[in-house]
Amino acid sequence: MSGKVEISLAVNGETIEALVAPRTTLADFLRQDIQLTGTHTGCEMGVCGACLVLLDDRPVHACLMFAVQADGCAVETVEGLTLRRAIDDLQKAFHERNALQCGFCTPGMLVSAYGILASGGEPDRDGIRDALSGNYCRCTGYESIVDAIETTVRQRRQHVEEEKA
Amino acid sequence: MNAFAGSIDRPNSYIGRSVSRPNAKRLLEGRGRYVTDLVLPRMLHAAFVRSPYAHGKIVSIDIEEAKALSGVRAVFTGEDLASICAPWTGTLDHFTNMKSPPQVPLPLEKVMWSGQPVVLIVADSRAIAEDAAELVIVDIEELPALADPVEAMSAAAMSQELADNICFATKLDSGGVEEAFDAADTTVEQSFIFGRHTAVTLEPRAIVADYDPSENRLTAHHATQTPYQFQDVYSRHYGIPEANVRVIAPDIGGSFGMKLHVYHEEMAVVGASILLGRPIKYVADRMESFVSDIHARDHRVTGRLALDRDGRITAMDVDDVTAIGAFSSYPRTSAVEGNQVIRLMGAPYDFSSYRANLSVVFQNKVQTSQYRAVGHPIACAVTESLVDAAARELSLDPFEIRERNLIPDSSYPRTSPTGYQFEKLSHQVCLARLKSIMNYDALRAEQAGLRQKGILRGIGIALFVEITNPSPAFYGVGGARISAQDGAILKLTPSGEVHCSISVTEQGQGTETIIGQIVADQLGIDREKVRVMTGDTDTTPHGGATWACRGAGIGGETALQAARKLKANLLAVAGLILQARPGELDIRADWIVEAVTGQQRISLAEVARIAFFRSDTLPPETQAQLSVAHHYAPQGYPFAFTNGAQGCLVEVDAETGFVKILKHWVVEDCGRIINPLLVDEQVRGGVVQGLGAAFFEECLYNEEGQLTNGSLADYLVPMACEMPDIEISHVETPTRDTELGAKGCGEAGTAAASAAAMNAVNDALVGHGAVLTQIPMTPTRILKALGTI
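Just so you know, the sequences run in chain order G and Z.
Heads up, the first sequence is in my numbering, so the first residue is -6 and it goes up one at a time.
Heads up, the second sequence is in my numbering, so the first residue is 100 and it goes up one at a time.
No false leads were mixed into what you were given.
With beta-carbon atoms standing in for the labels, derived distance ranges:
1) G:R16 <-> Z:S313: 36 to 46 angstroms
2) G:E7 <-> Z:S702: 41 to 51 angstroms
3) G:R16 <-> Z:G376: 24 to 34 angstroms
4) G:E(-1) <-> Z:G376: 33 to 43 angstroms
5) Z:R708 <-> G:G65: 55 to 65 angstroms
6) G:R16 <-> Z:T188: 34 to 44 angstroms
7) G:E7 <-> Z:S169: 31 to 41 angstroms
8) Z:P593 <-> G:R16: 52 to 62 angstroms
9) G:E(-1) <-> Z:L761: 49 to 59 angstroms
10) Z:Q551 <-> G:Q62: 48 to 58 angstroms
11) Z:H598 <-> G:S112: 43 to 53 angstroms
12) Z:A181 <-> G:G65: 48 to 58 angstroms
Listed next, the stretches of chain Z that the computed footprint assigns to chain G, with coverage defined by at least 3 CB atoms under 8 angstroms from CB atoms of chain G:
13) 123 to 129
14) 298 to 306
15) 804 to 814
16) 822 to 828
Hints listed in this document are in silico derivations from the structure and should not be mistaken for laboratory results.
Beta carbons are placed, not taken as given, at the ideal position from N, Cα and C, and that holds for glycine.
Just chain G, with the same shape it has in the complex (with noise of 0.2 angstroms):
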């Protein structure tokens, strides 16, 4: 194909220099050419949202992007929450409510959580269902992960409320 462009981005907090073929999704590029296979591709139409990542901290489908796009972004993806400890508690609510089987969806739905918290808002059971309508989960029934959320909900502002006192 044609020539490969020169892209510069920070991924998970690190500077990424790389030639990438215009054709080439964020999603390709962060799983073949920097093998970060924790992002994964379930539709690579922006559907099923096994491929959400963090763009400049707001969730994307990483399948309808090129990675030329992300030339001068940061990007995070469920790696990077990992490292840097952001979604620690998700994690461990997701865990003790066993909100995941296979796992294929599970790190888009984490930076899709991590997103509905990162509003703000404290969504209810409803608002949760709601904003969780980008990301297919074949396995769960979808119930363990509305709970894991609403718990994580419920813990953070404990938390503030705690530190408020």
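Go by the hints and put chain Z onto chain G.
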């Protein structure tokens, strides 16, 4: 009796406890290792050119331009692979007169469904392989497609090897059906259509085939739930000694039965790796998944019930036409679904006159085959819809008519009119429990109140019987090389930990967790000291693996028996060290203790250290057996049937046809529960797949046999916002066939969810002259039933 298998109040008693899954932590950190993630040195990538037509004669294939593209390493057509691969045929011997055309990796003369792989491109990257695929010119002379199953039954044979399009037909007749219908006070009859749907595993099918010609050795990293079956298939069809074929199934992104069938793409990729001597990776993209993964269901059923004036069922008569695509799948066949449909009909109820007619029909579509709860949802929906129809006819409450008809819990063991042997089921307890957890009377009162305001709520219930723990009577008697036994190897480490490799596999159900629980429980050690390995034919003993709900019941029993064997060996060594009789010792909390007093004598780690490193201090001629291998095959009843009941509450908007699912309830009896947390989520996941079938999921075809909604944007998968909370309650009736007493639970949710949903929608529409007997119950179909459109 097997009550001693789980005593919850002693140290290390893990059977029955909600412990979390150790392997889930990896997945939560993005450290899963799926086949999709795998990269091997010098690995190439595969893409396929697929048939645009549902039926056609291949006139010519021009691959020259594709072959010339930079980065393309090979292009293969049917002849290339057929020359090294023995054809396969999806039949079972015990299905008398069953037939199916032989299959090869890529077609030689004809294409049989739209999306069938025709040409394989192997290139340096998937993108290049796809570029090259566009340069292949396949000239196909289009033939009329057989898309409709009923037409296909009488149409000329579409496969030249066969005389007609009937794959398999069978009848069951226990006698007395005509007489019962003649004498009946009430009869009800309904015709049903059950659409095609598909598994939609979030991770598509994937394989990395790696053939090493220097050793005539094939390693297949394969996203499958049945590695041993594929070891056998690759060995026999490509003529490689079985011991030289290794199948590794690492983390699997969902399977639900879909990833245990032989697919043309995987076979072709294995063949290409053999021809090239290099690793080749193939990962289906989602569009390919829709046209090449097995589909499921696709039944047209007519059913009749005869009842007496008390509302007691006296006879059932059904006809099932099931359409399976162009071939019967291999090695399990596409006839098992229909066979289970007609044998599970009416299963919860106490009547003896049953007649069924089954026709399994070929057509020009992708294969249908086993997917979660094989046959169960169809049998359940037909039975339970007819029972509700009878209740409406007789003005009986849905609970009341079932209470009058279900098989009494005190009347087991017994054999169904279709020949199934039930050891012990618990319908009465489950139905009563369902009524109580639903708070049924209050729901009915609420429904009546809302109805006056024009709000249409519906309450539906369904009883089900589930097939689990299949014995050799399932596939073995049919000549399929599918193991009914499982195997486990337990090894003590010098530090006193235990390594367990076992043939049942993990696709997220928590197999590794429950096996660890059972081993730790039986050995009396901390569960964190048990490491469980699955999914590798080189490092685990041969076995059936996880399908048809055999993981806990058969795999768990295997682990239990293996652990007891190892424990006996450990106590024998400890007895020598302590100069005590083994029978006076026990293991608790990682210590060898006095069995009666619990007094600690020596740590297990110390026993291990002595046995491994200071065997000179043991009595002469002592050979401590610190690893044990154990196999277990089910005996006794051919299947461990389970049962349960489900309830569904919906609200139907009669103006738009939209249905809001408000709540779902499940009462389930899977025998001994090893881990309630995992069982509940298995059941919930199953319910959602059943509700998906009920309301959303359908593979839609046009008259030319083209799939018209083959993407995740067009095919509706249930989402979080559409699904209700699901309340679960358990009844435990352990099977006495095993020490563990566990039966399966994986199909339970799917088995009855769509039946309960269909009854709920019809309950909501009572008085509106509409009865739905087709799933999915889309808004359009609901409005059509209402006569609105």
